[in-house]
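The primary structure of each chain is shown beneath.
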Amino acid sequence: MSQSIVITGSGIVSAIGLDKESVYQSLLSRQSGIALPAILKTNHKDIPVGEVKMSNEEMKSLLNIDDLYVNRTTLLGMMAVDQAIAEARLAGISKKSCRVVLVSGTTVGGMDVTESYFSSMLTSEDHMKCMLTHDCGNSTRLLAERYNFIQDYTTVSTACSSAANAIMLAANLIKSGQADIAIAGGTEALSKFHLNGFNSLMILNKENCRPFDDTRAGLNLGEGAGFVVLESKETAIKRGADIQAYLAGYGNACDAYHQTASSPDGEGAYQAMSQALSMSGLKTGDIDYINAHGTGTPNNDESESAAIFRLFGDDVPAISSTKSFTGHTTSASGGIEAVICLLALQHSFLPANLGWSNQMTNGVTPTLGEENRELNHVMCNSFGFGGNDSSFILSKHETSYIPTTFADGEIKVVSRVEIESVAELSRIKEYLKPMEIRRMGPLMRSTLLSSLEALKQAGIERPDAIVTGTMLGCIDNSEKLLREMVATDEATTSPTLFMQSTHNTIGSAIAIQLGCHGYNTTYTQAEYSLDWCMRDAELLLRSGTAKTVLVGCHDENTEWYGWVQRAIGREVMPNIHSVAMVLTLAADK
Amino acid sequence: MANPELINEVKEHIIDALHLEDITPADIENDAPLFGDGLGLDSIDALELIVMLEKKYGIRIANPADGKDVFKSVTSIAEFVSSHKA
Numbered sequence: 084m085s086q087s088i089v090i091t092g093s094g095i096v097s098a099i100g101l102d103k104e105s106v107y108q109s110l111l112s113r114q115s116g117i118a119l120p121a122i123l124k125t126n127h128k129d130i131p132v133g134e135v136k137m138s139n140e141e142m143k144s145l146l147n148i149d150d151l152y153v154n155r156t157t158l159l160g161m162m163a164v165d166q167a168i169a170e171a172r173l174a175g176i177s178k179k180s181c182r183v184v185l186v187s188g189t190t191v192g193g194m195d196v197t198e199s200y201f202s203s204m205l206t207s208e209d210h211m212k213c214m215l216t217h218d219c220g221n222s223t224r225l226l227a228e229r230y231n232f233i234q235d236y237t238t239v240s241t242a243c244s245s246a247a248n249a250i251m252l253a254a255n256l257i258k259s260g261q262a263d264i265a266i267a268g269g270t271e272a273l274s275k276f277h278l279n280g281f282n283s284l285m286i287l288n289k290e291n292c293r294p295f296d297d298t299r300a301g302l303n304l305g306e307g308a309g310f311v312v313l314e315s316k317e318t319a320i321k322r323g324a325d326i327q328a329y330l331a332g333y334g335n336a337c338d339a340y341h342q343t344a345s346s347p348d349g350e351g352a353y354q355a356m357s358q359a360l361s362m363s364g365l366k367t368g369d370i371d372y373i374n375a376h377g378t379g380t381p382n383n384d385e386s387e388s389a390a391i392f393r394l395f396g397d398d399v400p401a402i403s404s405t406k407s408f409t410g411h412t413t414s415a416s417g418g419i420e421a422v423i424c425l426l427a428l429q430h431s432f433l434p435a436n437l438g439w440s441n442q443m444t445n446g447v448t449p450t451l452g453e454e455n456r457e458l459n460h461v462m463c464n465s466f467g468f469g470g471n472d473s474s475f476i477l478s479k480h481e482t483s484y485i486p487t488t489f490a491d492g493e494i495k496v497v498s499r500v501e502i503e504s505v506a507e508l509s510r511i512k513e514y515l516k517p518m519e520i521r522r523m524g525p526l527m528r529s530t531l532l533s534s535l536e537a538l539k540q541a542g543i544e545r546p547d548a549i550v551t552g553t554m555l556g557c558i559d560n561s562e563k564l565l566r567e568m569v570a571t572d573e574a575t576t577s578p579t580l581f582m583q584s585t586h587n588t589i590g591s592a593i594a595i596q597l598g599c600h601g602y603n604t605t606y607t608q609a610e611y612s613l614d615w616c617m618r619d620a621e622l623l624l625r626s627g628t629a630k631t632v633l634v635g636c637h638d639e640n641t642e643w644y645g646w647v648q649r650a651i652g653r654e655v656m657p658n659i660h661s662v663a664m665v666l667t668l669a670a671d672k
Numbered sequence: 329m330a331n332p333e334l335i336n337e338v339k340e341h342i343i344d345a346l347h348l349e350d351i352t353p354a355d356i357e358n359d360a361p362l363f364g365d366g367l368g369l370d371s372i373d374a375l376e377l378i379v380m381l382e383k384k385y386g387i388r389i390a391n392p393a394d395g396k397d398v399f400k401s402v403t404s405i406a407e408f409v410s411s412h413k414a
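The listed protein sequences derive, respectively, from chains D and W. To convert, take the position in the first sequence, counting from 1, and add 83; that gives the numbering used here. To convert, take the position in the second sequence, counting from 1, and add 328; that gives the numbering used here.
These are computed hints drawn from the structure, not numbers from a lab. Quick caveat: nothing in here was measured; it's all calculated off a predicted structure. Certain hints may be false.
Stretches of chain D that chain W covers, calculated by requiring three or more beta carbons in the stretch to come under 8 Å of a beta carbon on chain W [to be verified]: (1) 278–290; (2) 515–524; (3) 572–582.
All residues carry an ideal CB built from backbone N, CA and C; glycine is no exception.
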């Protein structure tokens with residue numbers, strides 16, 4: 084079977100439209116969806132955002148959902164997945180004949196609902212049922228259970244590159260024969276939590292963002308969802324599905340530089356784009372358009388420009404950041420921008436980069452939009468906190484891509500370290516300096532300690548890939564941030580707490596510590612988080628992408644969250660639990 | 329000049345805000361650089377110091393670039409605080 088991965092359906096909801104057609108019209112008419120918050124209940128009424136122009140109640144009625152505590156992330160996801168499924172004509176597909184998997188990227192999960200009841204939940208169990216779908220994995224479960232033909236599902240949470248990494252895992256599951264069809268992308272609702280968090284990092288623009296402009300002054304947050312239906316060319320032809328585009332190549336690398344900033348030379352971005360190009364069998368000159376990550380922060384646009392010049396030299400393709408329309412939809416951005424790229428391929432146009440008028444020094448020059456421009460190959464960039472950088476290429480025609488082969492042989496656990504008590508964490512001093520440790524909460528310490536010890540036991544300085552699982556991430560930090568938000572009524576937020584609240588903060592901290600630029604991703608699927616890490620690690624080892632993989636699953640608990648777990652009938656997690664392993668593929672005898 | 333009491337208070341706030349667990353006010357020199365070669369603070373610390381000024385003294389720095397001059401040393405922070413208190 085060939086490994087040509089095709090897209091046979093897609094769906095989108097964003098600030099510039101509730102479906103593909105309306106998004107297309109907004110892009111053509113250069114109509115931005117960024118405005119002052121009208122739906123998000125925040126005190127920061129002066130910070131513009133890209134909101135989906137539909138209330139939760141309206142979405143619930145449209146989707147026929149009658150659940151008091153359903154979160155906006157899930158609702159937005161349902162809106163987009165419904166469209167993608169309809170376009171790909173998946174309804175009525177038989178579970179017996181076709182294995183359909185959902186891979187969704189999110190970081191916010193149910194935080195929008197959690198934060199609205201948090202104050203009450205500090206003293207009362209009345210609304211704690213909402214916490215059943217607080218974590219990203221259970222939020223995805225709710226999305227998957229809407230469709231009776233979905234057999235399996237998981238959640239990727241690498242902050243702003245989550246959806247791009249979801250698309251990559253989906254493609255690898257199909258190539259390795261573990262799935263026939265995969266619905267992949269991302270969904271993210273705006274929340275006070277991350278609006279205040281980004282605000283504490285001082286990277287939000289109080290005006291509409293101006294990506295790649297010399298006077299750019301930060302990003303605007305947005306929300307929405309974007310999903311594509313992926314399958315092999317053979318499956319698509321067999322079931323008579325329309326092929327919209329080919330997923331020609333993709334790459335994932337870690338910048339391994341800083342938790343919230345990109346390196347000056349854009350190493351992670353450069354490696355991710357290079358890998359995508361190399362897999363696709365295309366040359367730099369074949370790329371007709373780049374949908375940039377282009378957040379509009381001084382740091383991103385400079386670093387991304389540097390990476391693009393490194394790869395493309397003086398011959399940079401047409402490029403734009405459509406975040407100037409949608410805002411930065413964080414975990415959903417890779418999905419939303421994949422659908423925008425599909426529209427550009429299909430309708431032969433270059434989406435504009437709004438707000439640009441001043442050339443930045445050492446920066447790319449974005450397109451202000453162009454119609455009647457035939458596009459064959461487009462590249463889409465998604466970069467996340469912690470340097471989780473990914474890039475993929477969509478093509479109108481099949482390319483002479485490099486197929487992936489999956490080797491047989493036994494997956495070998497070279498070393499395994501488990502940490503089960505907070506007392507053990509003092510050993511971190513043997514590995515890190517006090518200045519490095521000072522900001523780290525228990526989970527960060529436990530993650531680094533177990534990982535560094537597993538590597539030491541395996542006699543490996545730096546693994547080829549790092550795959551990390553966590554159910555809740557640094558819940559201790561998240562809870563503190565929520566408490567601070569309640570106590571100060573959104574007046575102040577600690578940037579350290581926010582920086583360490585994303586699920587991928589622990590996996591990228593390992594990469595930063597080791598200077599590891601290899602494949603790096605994070606899964607958060609409740610009790611199955613480690614299982615999904617093992618599945619991805621196996622794909623990496625069998626495909627030869629990595630010879631050694633550091634796999635880990637890490638979680639912590641707080642007194643308050645322990646109370647929540649008892650109240651909603653979930654098993655109470657231990658205060659700290661880390662497992663770290665080094666895996667390799669034993670040579671076939 | 330900022331008074332010694334304020335200098336000491338600022339040092340305590342810095343230690344607290346930046347989780348400098350193993351450092352006492354006496355370890356921080358009044359005029360030594362806080363960033364780079366001095367205490368070795370980084371960009372996240374600069375953001376935490378902005379939050380600290382707002383929380384403890386009600387002073388808001390809107391542009392992170394403005395923090396550069398203010399956060400040169402403990403003395404410069406204390407001077408900034410007293411000039412805004414007046």
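Hint check results:
1. 278–290: holds (count 3)
2. 515–524: holds (count 4)
3. 572–582: Coverage by chain W holds here, the residue count being 7 at a Cβ distance below 8 Å.
Checked against the numbered hints above, the structure breaks none of them.
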